[in-house]
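**Q** Keeping their order, the protein sequence lines are chains A and B.
In this text, residue positions in the first sequence follow the numbering used here: the first is 71, and each later residue adds one.
In this text, residue positions in the second sequence follow the numbering used here: the first is 63, and each later residue adds one.
Hints are computed from structural coordinates only; laboratory data are not their basis.
None of the hints are false.
Pairwise CB distance ranges (calculated):
#1 A/S149 / B/R127: 44 to 50 Å
#2 B/G84 / A/E203: 56 to 62 Å
#3 B/G84 / A/P356: 46 to 52 Å
#4 B/D88 / A/V354: 50 to 56 Å
#5 A/E112 / B/L145: 54 to 60 Å
#6 A/K128 / B/G84: 55 to 61 Å
#7 A/L258 / B/R127: 39 to 45 Å
#8 B/L145 / A/D319: 42 to 48 Å
#9 B/G84 / A/E289: 37 to 43 Å
Taking lysine to any residue pairs in the SDA-like style, the calculated list, with each CA pair at most 25 Å apart, reads:
#10 A/K477 / A/N363
#11 B/K87 / B/Y223
#12 B/K144 / A/N446
#13 B/K235 / B/F167
#14 A/K178 / B/V90
#15 A/K471 / B/R239
Every residue gets a Cβ at the ideal spot worked out from N, C-alpha and C, and that includes glycine.
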Amino acid sequence: MLEFDDIQHILLMRVPALTGRYEFLSFRNATGGRTWLSAIREKVQSAAEVRASVEQEKRWVTVAFTWNGLRALGVDEASMATFPEEFRQGMVARAEMLGDTGANHPDKWVGGLASPSLHALVILFAGDEAERERCVTEHNKFIAQCRDVEVLSSLDLAAVPPFIYAHDHFGYRDRLSQPVIEGSGEVLTPGSGAPLKPGEFILGYPDEAGPPANLPQPEILSRNGSYMAYRRLQEHVGRFREFLRQNADTPEEQELLAAKLMGRWRSGAPLVLSPTKDDPMLAVDPQRNNDFNYKEMDPQGYAVPLGSHARRMNPRDTAANMNRRRMIRRGATYGPYLPEDAPEDGVERGIAAFVICASLIRQFEFAQNVWANDRNFHELGNERDPVIGNQDGTLEFKIPKRPIRKKITGLPAFTTVRGGAYFFLPGIKALRYLATLGDVR
Amino acid sequence: MSDASKQTSWSKPAAMAIPKGGFFKDKVEQGRYGPIFPKTPACYGFSILAKVIPGREERFYEYARNIEQAVAAQPDCLAVLKLHYLRWVLFPIKGDTYFMYQGIFDTDFDKYTEDAVNLFAATGLRTVFENLEGFPPDWQTNAPAFVKFVREHQCPSFLEYGEYPYVSAEEIKKALRLKAAFSDMLDQMQ
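Starting from the given sequences, assemble the full structure and let the hints guide the process.
**A** Below, the structure written as structure tokens:
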């Protein structure tokens, strides 16, 4: 049985937010950090609370910490050493393996995200602009009283119009194909596979390999917690649209090319099920929009190119042990919408996303290192993920087609990593434990 | 050299001298579990040497029969490892028995470590590694410990040669499938 009242809501639920803000904080000392945490933790909602009140609530708060942040709060060294190596090292130290080189290198990151003094993250999701402003003003007032807490940076979130469905700045529908956790009560849709053991995402529960093992200590700190890999990914919308225009003659062919890069039409309709034309009704039908595989339905990649984003991030039946590689994605878009007919304006816009998993090395880092950035994924020879892979203009993208495939050389980078970090997402009781670390027990 | 240029150089046999320690210091690629041994004309590979726990030799022969049966029953059971060849050898040093496990494959071991650990449990490889001195008893739930053991017992090559360098097993199978398809086509045209 999942302890819904001890699990931060972000792990199990999507909230109906249209806006929000991330704040990245640094603690000058442990007392300052714990004072801030003592107050903010009252605002953090569990999955149980959100489930009971999602219709009435207008704002949702999540709090997480880097390894340096846990240490800054005063977690003792013996406990710090029980966290897994990749989390202790942090995303910056793992940059080369993650493909964060060249334009994506941490030296170029913004907002203090590459700094060891990044300690904590607050995620605010809000139902509307007014509620966000109210929450930000309130938090600013509180931070002003906390002299030993510094805001390194913040990022305002903004949904991309039209607001009737979630999509990124390139126009791709988001929030399709999420794993379902056993016991979460989520509805299983066709093609999603069996529900996964909660330990794949939540610490303290059995995972797909068996009972929980090697958890950070003490148990109160790790139980019902998880890890989050943060990625701030700038989307070069002007460059993307120009690429489509240069490599396809008609608007229909441009749509098809966009679909080939992703593996789904921008509407969300899967290419496997609708390979030659978009099908917006299929896109919104949860009984059908995830019900496909690759090995039997598209082994050569005639519908979905072997190197497309969706085929890399969720290879379905073409990868071993998929159940141990799944991830929960949360997040939002940021930056202003670039109207369809407007030229690139140089303003940063993109996706600020969290990948939530129980093992960063086995889930997030594997996806990044092997699926996104292995040039030889599926024997492709000289490709990386066309959307999130490290592209330096020397790689290609091959689109299988009878009788002769189409090969696009010199693929540009449509995205740039502007920052990232590894966070530990404690359970509700663990937040209290952390807030009271200095107290006499 | 890019993977693409490697793919076109298959017709020219190549040898590679490898520095002491197994790495080219100026271009060590980092994997999830540490530095990755370089790809050579003989693809990726490992040579793991470890001492057998005294008295356990018979288990290795029993294990060989298990693997033979496992592969016969499910020929793609080792597919995730992207192998060309595996060799298992037992040999004596001063009265003790040592084990060598040598593999040639197309992806660095780090990439599919967790899949490999899972696979070993499923195919019975556990029996053989558990008969080696120093093998972590909790390996099934502790992939990093498994990797550490493998890395500590890896003896890197100092020279590797490929008659058809850098060609993957998949490319070879594709070429053979193509040859078979052409033969079939020619038969049909008689």
